[in-house]
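Novice: The lines below spell out each chain.
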Amino acid sequence: NAGVTQTPKFQVLKTGQSMTLQCAQDMNHNSMYWYRQDPGMGLRLIYYSASEGTTDKGEVPNGYNVSRLNKREFSLRLESAAPSQTSVYFCATLGQRNSNQPQHFGDGTRLSIL
Amino acid sequence: AQKVTQAQTEISVVEKEDVTLDCVYETRDTTYYLFWYKQPPSGELVFLIRRNSFDEQNEISGRYSWNFQKSTSSFNFTITASQVVDSAVYFCALREDYQAGTALIFGKGTTLSVSS
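Protein sequence lines, in the order shown, are assigned to chains A and B.
First residue of the first sequence? That's 2 in the working numbering, and the numbers climb one at a time after it.
First residue of the second sequence? That's 52 in the working numbering, and the numbers climb one at a time after it.
It is worth saying that the hints were derived from the structure and are not from the lab.
No experiment lies behind these values; they were computed from the predicted model shown.
Be careful, since some hints might not be right.
[Claimed, not checked] DSSO-like mimics (lysine-lysine), calculated; alpha carbons at most 30 Å apart, straight line:
(1) B:Lys89 / B:Lys54
(2) B:Lys121 / A:Lys10
(3) A:Lys58 / B:Lys54
(4) B:Lys159 / A:Lys15
(5) A:Lys58 / B:Lys67
(6) B:Lys159 / B:Lys89
(7) B:Lys89 / A:Lys58
(8) A:Lys58 / A:Lys72
(9) B:Lys89 / A:Lys72
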């Protein structure tokens, strides 16, 4: 998925460590999103950014912070990782809010907290 | 309250069988959008189809077809003559026009296993 790039693809952390997941897009989209995917739970929204300079909480924001550095980049930070944050994290973008266009997803970051 | 329900957690079929994946949604918005995504074993999310709330026309794309019925709040997905490559997790998702950020609300997914 060339439009949305997530780094790293895999990461293992110890409980209490911090880490930042990076997301960058080259589609000039305004809105960006962070989801987490857990077995049997589908994808749940952590945080989103409707435009550069704004961020808002989603369904499961606890334990996370985000930063919309510029229009291209939206990072997700775990300040003190916990085993419950073991998950696959997806970044997504959307061009026009009131359109039927689909969100574009990155390939995901698989994160394990020991 | 769950807004997108995919009641079938897992489905197993044999190649060439037809299979229907169910999706029921809940919304009070008059304008909304429905999507299906496929997640193969490699893990990426692949967009399959979108449907606007004001467009109830069913759609067929090769072996795939979608049946959207506002009266029953359903957006079901049928694969005809299934193949092993169809094995994946399939997600139905809803986007509401009024919702801040217009994020997707996902169902929990249906895991489809197609054996040869």
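Novice: Against this structure, judge whether each hint is valid.
Specialist: Hint by hint, here is what the structure shows:
1. B:Lys89 / B:Lys54: This hinted pair holds, its Cα atoms lying about 19 Å apart.
2. B:Lys121 / A:Lys10: violated (39 Å)
3. A:Lys58 / B:Lys54: holds (18 Å)
4. B:Lys159 / A:Lys15: Holds: lysine 159 of chain B and lysine 15 of chain A sit about 28 Å apart, inside 30 Å.
5. A:Lys58 / B:Lys67: At roughly 44 Å apart (the allowed maximum being 30 Å), lysine 67 of chain B and lysine 58 of chain A break the hint.
6. B:Lys159 / B:Lys89: holds (12 Å)
7. B:Lys89 / A:Lys58: holds (26 Å)
8. A:Lys58 / A:Lys72: Judged against 30 Å, a Cα distance of about 18 Å means the pair holds.
9. B:Lys89 / A:Lys72: holds (28 Å)
Consistency with the previously given hints fails for numbers 2, 5, ordered from lowest to highest.
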